[in-house]
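Keeping their order, the protein sequence lines are chains A and B. Using the working numbering, read the first sequence as starting at 1 and increasing by one per residue. Using the working numbering, read the second sequence as starting at 1 and increasing by one per residue.
It should be emphasised that the hints constitute simulated quantities derived from the structure, not laboratory data. Certain hints may be false.
Claimed, not checked - Here are some of the chain B residues that sit facing chain A, going by a computed Cβ distance under 10 Å:
(1) 40
(2) 42
(3) 47
(4) 50
(5) 51
(6) 57
(7) 58
(8) 62
(9) 63
(10) 95
(11) 97
(12) 100
(13) 102
(14) 132
Here the structure is a predicted model, which means the values were calculated and not measured. Ideal Cβ placement from N, Cα and C applies to all residues, glycine included.
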Amino acid sequence: MATKSLKKTGNELADANRQLEILSNGIFKNGELPTFADKIKETQQFPLRPRKLEILQINVGYMCNQVCDHCHVDAGPDRKEIMTWETMELCLEVIRNTGAHTLDLTGGAPEMNPNFRRFVEEASKAGIKDFIVRSNLTIIRANKKYYDLPEFFKKHNVHVISSMPHWTKGKTDKQRGDGVFDKSIKALQELNAVGYGMPDSELRLDLVYNPSGAFLPGDQASMEKDFKKALMEDFGIQFHNLFAITNLPIARFLDYLIASENYEDYMYQLVDAYNPMAVANVMCTNTISISWDGWLYDCDFNQMLGLKVNSKIKHIANYNEEIINNRNIVISQHCYGCTAGAGSSCQGTVA
Amino acid sequence: MFPVRNWTELRLTISLDRNKIIAKMADSYYDPKDLRKFGKITEWSEELGTKFFDYYGKVFEEGALTAREKSLIALAVSHTEQCPYCIDSYTKDGLQKGITKEEMMEAVHVGAAIKSGATLVHGVMMMNKVNKLDG
């Protein structure tokens, strides 16, 4: 189990360019597998273009109380990239004027940003229809100052989406660290106690599942049924939806794939499971991702790979939705992760 | 000491070499890469191949048994049949369905119990014969 980020340990995969190099070499360079661009050309979907903007996803910082094995952000306690209040103010200006119906705060653990609460309070006044905070759950139990987060979320009608890799302790702790399962269960019970995740409750609580190893997620609906049954029977926990997300071959997961000699097999799995129907609804077509320092990306994955939007507007300081939406989406081989099987996005399957 | 950059290169190279070695073993009976070619059996007999894969797909759909239960049965049978391709497939399928390693191992034991039981129950035949000839 990792305790430090790739960046902190000086791992070469902390370098986005090195990751992109690996993703373009080997089996993709020698023609064994088609590049993502070639693949979407087969169905005349190249270049990939945005549809109507629906989601603004803001990454308020890479600091996290956990160091999960497969984190695409390479987040951890040692990451110091935190969105400043000045950048948050620029974001708020955008949130007040956007045509997007969903605001999605992510990290790291977004709650660790010192201005998180102030930002949520201001953003919730903007009248956005769906206001999501991606919480890792354990943060709620990490320190007394976070204990009231369920009430805080409730007060601002925040839609909570939380990671939960499995309904058993063994598989969860293997991926996310010792003790994570017990703390997550406690946090879910606390969220339930204030009304989150209860049937017919407007306080939305969804879980995100991503596989613990070099395999693709199973059928989302079946997994949801299994999760609901197990969490109810074992802990009396309820939640609304389960989103099954495919691990993309970047950052720590790429490091794991290479170290465990699963890289090639995994890329074959992704390419074999390629679904052109998923391409049409892939999340970069309705999302803009904003980094802690205000740069704009097609998605959170491109953010981690340093692939800024292909537009003359690249920073939130000059934000113009119309100009940004008229762009070609930046792609590489990691994109196969979002088009495998039923597709994958921060909101689960797309096809 | 290599610069850190070379370690990943080295691991990738080892991984590629390993696959090259496996590819060179094409004259052995089992090649992991052949599993991906399974669908090609249809090319030499389209009607039968298509019928088989339609049937196969239908069998594993949710029915009176869940897809999860079917996956565990398939895993147990894969072991009793000692089919490497099937073990590869249904181990991965189990992981994808959230089946735990404990559940998988219990399924394998079910297969093993039936295999050993099937051997041992023939002991009764041996006992009958002994009793008849030398009772």
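Status of the hints after comparison with the structure:
Because the beta carbon of residue 40 of chain B sits about 13 Å from the nearest beta carbon in chain A, more than 10 Å, this interface hint is broken. Annotation: residue 42 of chain B was flagged as interfacial toward chain A, and the flag is violated, the nearest CB pair being 16 Å apart, outside 10 Å. Evaluation of the residue 47 of chain B hint against chain A yields a violated restraint, the C-beta minimum of about 25 Å exceeding 10 Å. Checking residue 50 of chain B against chain A: minimum C-beta separation of about 19 Å lies over 10 Å; hint violated.
Against a cut-off of 10 Å between C-beta atoms, the interface hint on residue 51 of chain B is violated, since the closest Cβ of chain A lies about 23 Å away. Because the beta carbon of residue 57 of chain B sits about 14 Å from the nearest beta carbon in chain A, more than 10 Å, this interface hint is broken. Interface hint status for residue 58 of chain B: violated, as the beta-carbon distance to the closest one in chain A is roughly 16 Å, over 10 Å. Because the beta carbon of residue 62 of chain B sits about 8 Å from the nearest beta carbon in chain A, less than 10 Å, this interface hint is met.
Interface hint at residue 63 of chain B: violated, since its Cβ lies 13 Å from the closest Cβ of chain A, which is beyond the 10 Å cut-off. At its closest, the beta carbon of residue 95 of chain B sits 5 Å from a beta carbon of chain A; the interface hint therefore holds under the 10 Å criterion. About 4 Å separates the beta-carbon of residue 97 of chain B from the nearest beta-carbon of chain A, less than 10 Å, and the hint is met. Among the interface hints, the one on residue 100 of chain B holds; its C-beta lies about 6 Å from the nearest C-beta in chain A, closer than the 10 Å criterion.
This hint holds: residue 102 of chain B has a C-beta 8 Å from the nearest C-beta of chain A, less than the 10 Å allowed. For residue 132 of chain B, the suggested interface contact is broken, since its CB lies about 53 Å from the closest CB of chain A, more than 10 Å.
Hint violations for this structure: numbers 1, 2, 3, 4, 5, 6, 7, 9, 14, all remaining hints satisfied.
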